[in-house]
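Residue numbers (this note's numbering), protein chains in the order written: chain A, 294 to 630; chain B, 25 to 174.
Among the clues, some could well be false.
In silico SDA-like pairs for lysine to any residue, Cα to Cα no more than 20 Å straight-line [to be verified]: (1) A:339 / B:113; (2) B:105 / B:38; (3) A:359 / A:420; (4) B:32 / A:416; (5) B:105 / B:32; (6) B:105 / A:491; (7) A:361 / A:515; (8) A:590 / A:364; (9) B:41 / A:538; (10) A:339 / B:98; (11) A:339 / B:32.
A few chain A residues that don't get close to chain B, going by computed Cβ distances all over 10 Å [said to hold, decoys possible]: (12) 379; (13) 448; (14) 512; (15) 530.
With beta-carbon atoms standing in for the labels, derived distance ranges [as the list claims (entries may be wrong)]: (16) A:337 / B:162: 33 to 41 Å; (17) A:549 / B:132: 43 to 51 Å; (18) A:337 / B:85: 34 to 42 Å; (19) B:73 / A:450: 33 to 41 Å.
Derived by calculation from the structure, the hints in this document are not laboratory data. Note that beta-carbon positions come from the ideal geometry of N, C-alpha and C, so glycine has one too.
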Amino acid sequence: MRKRIRTLSKPVKFLSAAAVGGGEEGRGNFGKSFDFLCPDDRFGEKTFERAEGEMARLSLGFALKKGKIPPEDVGCLFTGDLQNQCAATSLGLLSFGIPTVGLYGACSTCTEALICASLWLCESPENSVAAAVTCSHNSAAERQFRTPLEYGAQRAPTAQWTATAAGAFLLGSDGGEGMPEIREIMIGKVVDGCSPDASNMGAAMAPAAADSIVTYLRESGFEPSKFDAIVTGDLGKVGSALAEELCFNEGYDISGNHFDCGCMLYDFSKQDVHAGASGCGCSASVLACHFLPELQKGKYREILFLSTGALMSPTSVMQKQNIAGIAPVIRICGGEK
Amino acid sequence: MFSKEKYKKLVTETAEKSPLFRDCFFAFTVGGGICAAGEGFRLWLLSVGTEEKSAGFCVTLSLILLSALLTGIGVYDRIAKVAGAGTLVPVTGFANAVVPPALDTKSEGLLVGTETKIFSVCGPVILYSTLAGGLYGLILFAVKMLGGTL
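One chain only, chain B, in its complex shape (with noise of 0.2 Å):
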């Protein structure tokens, strides 16, 4: 039989490989046009008025609705399929982690089921965006304390 080494390198050469412009291609794209149409919606928010701070915030929660929505209704995946890191990336990639697991555990009960697991696929985005936010909190300290501003 071949050695260990000789089958991996024949198993490179034989699986097909992810069609790599394709991919880029429509992550480019898909993503570029998820991030146009929020700043399309912010610009239209502020030309009837919003304030700058209040678009911002309002688009990023229209775009984890309108994505989580997508979700549910079983559409997002089949996006996703196409577009890999182009929804990914935005703030959707997220929403998109949090919706599946809660519904997918949903058949084994509230609590031991959706509210255990709903965090499952999307914790580390939690818990580094956490610790960043204490991390610039300490550094905002520091700096006040030392008399300077950011």
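Pulled out of the complex, with its shape left as it was, chain A reads as follows (with noise of 0.2 Å):
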């Protein structure tokens, strides 16, 4: 019985899709895949903040040029970043015009924004066009949920590092000749982390991670295997381990094709991030600058993609409530040659 999967009444294809990064996102492995970084992670703005919006400004811009649509034609935008009230997304996007619906599931945005962007498309009439935008900064992260910039303090080994990077995809029921299609959803669960710790941000998600992955899996009778790649969003090194075990345990080696997003960003060999990257922009990015092209390439066939997000904010850590993760689902397939 699916109960929580949801076949799309039409699959939705990715039109085009782009990514903006900053200064470490360059160094990372996909630097060379982004369509612009900015080296000091400032794009030309006086704040952090503001770099933010610019950053999402900026990835939507690339979108709309890649996929020649001009944003008159974009009928609904799906918008979300880690500031206080989604301000970055918010304003930084205001010149385009563009009807908005901002969302918040921390790091789980990327996917959430592409699930309600599925859905309204699902409803709209033909040759219709949404867009999803998320985006992080480091520095602005570190802002609003840590401590001042230049405090000097030793990071726990298991910490994370929110990536500075934005990505936009623009999506249509109609048209993309070629290009992957999302077919099928899932609404996350939330679900408790068990540890108020925000320098474990990976073990707090990874109950989420597995109970999307494990659910999913028994509702619709697949193996892990059916999939190339599943695909979590910023569980880092230890949350990677975790919901690795936790699917286990639930009967599902997902060990052989299960991919992180967050320890994919950077090189651990070379960059200092702990436990690896997160933030609404690292599993964004990399969906754009890495599984989309490879699932057009025709090198991946189907994967599961779930973004995962720490849901707290600086007060209920400061109160110490657990930190509760979610993990929406889409499966995404490759374009039909």
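Need the complex rebuilt from these two chains, each delivered in its own frame; the hints are there to steer you.
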């Protein structure tokens, strides 16, 4: 019985995708695949908060250009970031004048936005276009969630590095020949991460990721090997190991084809990012820079994509409330040749 | 799924531990180095004829100035990343707690930014040193009233 998985009434195509990143991302594994990199992370802005908005603007601009779609043809925009009240995307994307839905799912916002855009397209007339844009900025997030930037503190080995990255996707139920498509969606459940430790978000998100993966596989009846990749958002080294262990305990061995964007974005041998990358921009940029192009090329036929979010606020952490995790799922299939 | 207790245990087993020996070694050497440098500077000041009390003040102020400067040019946090408590415990750590929030909140303007947030990290230090100073004064006052000295 499919209680949580929904098959879209019509497959939703990725019409185009774009990603922008900062200096650290440029030195990472996908440095060459970004549409734009800004080595000083400022994107020509005076503050990091404005820079995050500019990243959102740039990424959507590139996606529109690549898809040859004018902004006025985009019927709805689904966006989210890591700043208070999602100020970065709301203000950064203002100039496009596209009807907008602001979303917050912490680092899971990328998949959340893609799900919302897909559902909106299923209810829209032919040739409608929707956009999904998510971004995060390391310096803005440090200020928002942790300590002032120049404060000399040692980070725990389990801590993750918020990516300075943005990803934009244009989706349509028609057109996009040969482009990858979203066929199924599954909304994530909020799962207790069992710990208030903000320096180990991977551990807080792993139960949610495992819940989504196991539920999806159980309801669909598929084995993990059905997918070329089961992609989690930003569990990092610790969270990935934990999620694999939790899935194994439920009878699913995903260790062979599990990939984590948080473990892929940076080069661990050269970059000191502790347990890996995190942030709304992490899974969005890795999807845009790596998985979509590989699906398009036919290297992957089918992937399960679940961005993972750690749900908390600086106040809830200080008040010692456990961090909760969420992991919405989409099934992406390669474009038919 | 795992029970919460079992999961917490699994997390502890999986999570990479901080390298305790390395951290302690760098904290000891860097922290000790800062203090030794301060003491060396004090001895030099004394040797050129500075009063004992002024020499002490000079050392403290110089260390604060130097660490504030290093924080401002973005070097201090890189040293602290390795040294940990070694750069936190000496007076340099205090300077490093004041400058970053001041720099960070510059973008929100002087009054609602820098001036409001400057002590957001070192607030407890200022609070307790003020309290301790007051308490010490009271004790001193009481002792003197009773005819004693400290």
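Verification of the supplied hints:
no. : hint                      : result
1   : A:339 / B:113             : violated (33 Å)
2   : B:105 / B:38              : violated (23 Å)
3   : A:359 / A:420             : holds (17 Å)
4   : B:32 / A:416              : violated (43 Å)
5   : B:105 / B:32              : violated (28 Å)
6   : B:105 / A:491             : holds (18 Å)
7   : A:361 / A:515             : violated (37 Å)
8   : A:590 / A:364             : violated (27 Å)
9   : B:41 / A:538              : holds (19 Å)
10  : A:339 / B:98              : holds (18 Å)
11  : A:339 / B:32              : violated (43 Å)
12  : 379                       : holds (19 Å)
13  : 448                       : violated (8 Å)
14  : 512                       : holds (16 Å)
15  : 530                       : violated (7 Å)
16  : A:337 / B:162: 33 to 41 Å : violated (56 Å)
17  : A:549 / B:132: 43 to 51 Å : holds (49 Å)
18  : A:337 / B:85: 34 to 42 Å  : holds (39 Å)
19  : B:73 / A:450: 33 to 41 Å  : violated (50 Å)
Checked against the numbered hints above, the structure violates hints 1, 2, 4, 5, 7, 8, 11, 13, 15, 16 and 19; every other hint is satisfied.
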